[in-house]
Amino acid sequence: MEEVKAYIESGILELYVLGEVSHEEGLQVEAMAAQHPAIRAELAEIERSMELFAGEHEIEPSPAIRDRILNSMLTNLADDNTFRTKAQPVAEAPVISMHAPKNTNFYKYAFAACLALLLLSTVALYNVYNRLQESNGQVVALSTQNQRMTKTVSLQSEQLDVFRGDYKLFKLPGTGKTPKASMMVAWSPVKKNVIINMADLNLPVNDAEHQYQLWAIVDGKPVDLGVFDAKLDSATMMKIMKSVDKPQAFAVTLEKKGGSINPTMANLTVIKTI
Amino acid sequence: MSKIKKISLTEEELVLGLRNREKVAVEALYDNYSSSLYGVIFRIVNDTAIAEDVLQETFVKIWQSFTSYSVDKGRLFTWMVNIARNLSIDKVRSKDFRNQNKNQELENTVNLIDEQNSTVYKPELLGIKDLVKTLRPEQKSILDLVYFKGYTHVEAADELGIPLGTVKTRLRMAIQELRKHFN
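Going down the list, the sequences are from chains W and F.
According to the working numbering, the first sequence is numbered sequentially starting from 174.
According to the working numbering, the second sequence is numbered sequentially starting from 3.
Hints in this document: simulated from the structure, not taken from any laboratory.
We put the beta carbon where it would ideally sit given N, CA and C, even for glycine.
Careful, some of the hints might be misleading.
Which stretches of chain F does chain W cover? Using the computed rule of at least three CB atoms under 8 Å from a CB of chain W, they are [stated by the list, open to error]:
1) 47-60
2) 76-87
3) 166-179
Start from the sequences, fold in the hints, and give me the full structure.
The following block contains the structure:
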């Protein structure tokens, strides 16, 4: 009995109850307990004390987890083949709403939004297209105007040259049937250009079938310098004619529309010998 | 607090029911022992969410390995509380748990400190004062370390700076005092 008492007092039984012994020591304690009722009684006392001790320190877990834990155990139970209860354990499977209606709503709205956007885009595109057309028209008008302007400017710069001294001015007096007619012709010995002053034109108005034709006499022969009309309201101030080198005289005859190869001397209107 | 159990079964009936995988036994097991086990688990892990997880793991493990329990080995509670303590200690020593404690958010820390220093009346601690009066300080500290802090008796010896033999003796004395108290 001394041996048993010493064993009890060694403190191994307390460690055993606390799970603080190795596997071998555990088996030894169990063997001793099987042999000696005193050890068995001592062990029971220690266990009872520790259980009461734990009971003194008990904390009630949240009621919410009772179902969670029971479910996780019973799920296990259902999986188990050794399951023997007749009543099926009804593990309440948590039903989680998947918010399915919300999803369809989302697609509905998305589709509606797409349609609305498409409509808006079409209207916007139509407006932009109209304005583009308008702009294109303006660009064409402006470029036409610009061309006209360029022409005018180049003509006027040409006209300006007349007054810059390069040109010699000749007043062609009337002759033959038209003694009162007169006109001005400018000729540049440097550039060989010939310009007639339309503003200062004093010739009888020609009809639709006829035009006046300007001639230069070079080496005794008439050279065509182009045709022009005599109108009451002449838009251009000056008209540039064909170039000529070393003219001896300028003359104007009334010819059929488009001009003739040889001047019709009967219709000689004005002439000036240089 | 609740010394009156919710579903009353004797330990023998309970063990038999669990052997037969009966649902009512499972419920009785939970109602009889969850508070005691949770008290131990909570004191070791010191965190409600983790303690609840460990409680769940404990019950699942008890349920799964119930065939390895035999009445010859001792009381049911002893076997179960050792499962609970081992799972709690595993959790406390796991990498996750240690990292989690390192990375406490500031605002959480405030709450944690409040909780730790709480002087709020906790009904579950009722009766412990008497127990504390019963135990001598060195007996109380050894029981706390081993039972509620998850120390092995070897680690407890290191922590307290006393020989292993003394740890065993003190533990035995403390439990003797408990026995007197409960008788």
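*Broken hints, numbered, in rising order?*
none
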